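In order, the protein sequence lines correspond to chains A and B.
Residue numbers are given in our numbering: position 21 of the first sequence equals residue 21, and the series is strictly consecutive.
Residue numbers are given in our numbering: position 206 of the second sequence equals residue 206, and the series is strictly consecutive.
Source of the hints: derived by calculation from the structure; they are not laboratory data.
All figures in this text were calculated on a predicted structure; none of them were measured in a lab.
Keep in mind that a hint or two might mislead.
Below 30 Å or equal to it, Euclidean Cα-Cα: the simulated DSSO-like pairs (lysine-lysine) are [what the hints assert, rightly or not]:
#1 B:Lys-308 <-> B:Lys-325
#2 A:Lys-4 <-> A:Lys-24
#3 B:Lys-313 <-> B:Lys-300
#4 A:Lys-24 <-> B:Lys-284
#5 B:Lys-199 <-> B:Lys-41
#6 A:Lys-4 <-> B:Lys-12
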Amino acid sequence: MLVKTVTVRNRAGIHTRPAATIVKKASQYRCEFFIVRDGFRINGKSIIGVMMLAAEQGSELQLEFDGPDEAAAAEDLVGYFERKFDEEF
Amino acid sequence: MAVFENTQEIRKESITVGFLADECRERFALTPLNEGVGREKLITDKNLHRPQLALTGYTKLFSYHRVQVIGNTEFYYLKSLPMERRIEAFRTVLMFDVPCLILTSGNGLEPELLQIATERGVPVFTTPHETTKAVYFLGDFLDDQFSAYAPIHGAFVDVYGAGILFVGRSGIGKSEIALDLVERGHRLVADDVVMVTRKGEGILMGAGTTLTQHFMEVRGLGLIDIRQMFGIRAIRFQKRVELIVKLEEWDPATEYTRTGLDDDETSLLGVELPLVRLPIFSGKNITVIAEVIALNYLLKHYGYNPAKVFAEKLHEAIAKKSSGKGRTGDRSIPYFEHDFE
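Only chain A is shown next, with the shape it has when bound in the complex (with noise of 0.2 Å):
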């Protein structure tokens, strides 16, 4: 299993858009990938959870892969973090 933390860095945090952008790229890959933040571990291929969390700029959330393909999954989506959502450059 790949644990890797992460920062919410565009200023509107992770709104509508960017959770059905990491549920989309989640859902490419077999492996299994969850999101935790302040104890709460949600499945990090469903848009529910992901919007649940209602993650503001500036929260810290540990992304957890595991399963055949994880590291590529976790490659593509701490990506995705670190270029703030391609939404601010």
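Assemble chain B onto chain A, guided by the hints.
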């Protein structure tokens, strides 16, 4: 069988005495005797304690970290002592870092004793309820505050009054089954993120979260609001979790139950719940099966177990045969007596 092996229990570690005071002021008529003192003190234990022996000076094993309830026993014991010894007994208890004192039956505290509590920064309350009742109310309140909970990825539906929690990997069709059940008149509690809380011993309560309550994602459609779409009859706010249905891809190597005699169970937050593992493949109507699971659960709950009844019938038939009566494959109607309907 373990289904929720990765589930982490979440639990409050403490609440402040101020929070207890605010929440219980109206509910249980809890009135502060030294208002404002020690509101920031922490309560870390859901249990209450009556300091009886500690008042007499025996303080070994004194559970001082619990909320201390001064019932009539303690109150009249203190009263029976001359003032000097009364103060000494009271001081003995307050030498420890107790979170707060609660007097019952509307008892008050002499100014001398209250003064000691205030100096030690210990909040004191009184309630008109007698001890048994006060302990019941406060115990239940603290139990709820410190109960374990966890978010579970699944769909939670009330089917004929039985709370069924559908789990399984994402994309297997939990939401679609929930939607289908709602369409057939059953009630959705939560989809995707179900907050499950352990109440007392062996009871799990499920609810949605404030943000996502009764919203649902259907692949290919996006987000829908079940309450707006189907109305109040299609939803519930809370329900006891009674059954777990795990949806699985059909795996020829897995043994699925054929008779229902060996009940499978799984543990969630330390509570054992009946588990049904349901292999899905095309042409199978999971919704109808879910209704049957609920009805079967209700039958069992009211004392009828079809698998057991069938096993007994089989046992009887075999016994009949070994005594020379009965034949293989006996028709249930021995003679179609000119009744051709």
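Evaluated hints:
{"no.": "1", "hint": "B:Lys-308 <-> B:Lys-325", "in the structure": "holds (23 Å)"}
{"no.": "2", "hint": "A:Lys-4 <-> A:Lys-24", "in the structure": "holds (19 Å)"}
{"no.": "3", "hint": "B:Lys-313 <-> B:Lys-300", "in the structure": "holds (17 Å)"}
{"no.": "4", "hint": "A:Lys-24 <-> B:Lys-284", "in the structure": "holds (28 Å)"}
{"no.": "5", "hint": "B:Lys-199 <-> B:Lys-41", "in the structure": "holds (25 Å)"}
{"no.": "6", "hint": "A:Lys-4 <-> B:Lys-12", "in the structure": "holds (26 Å)"}
In summary, this structure violates none of the numbered hints.
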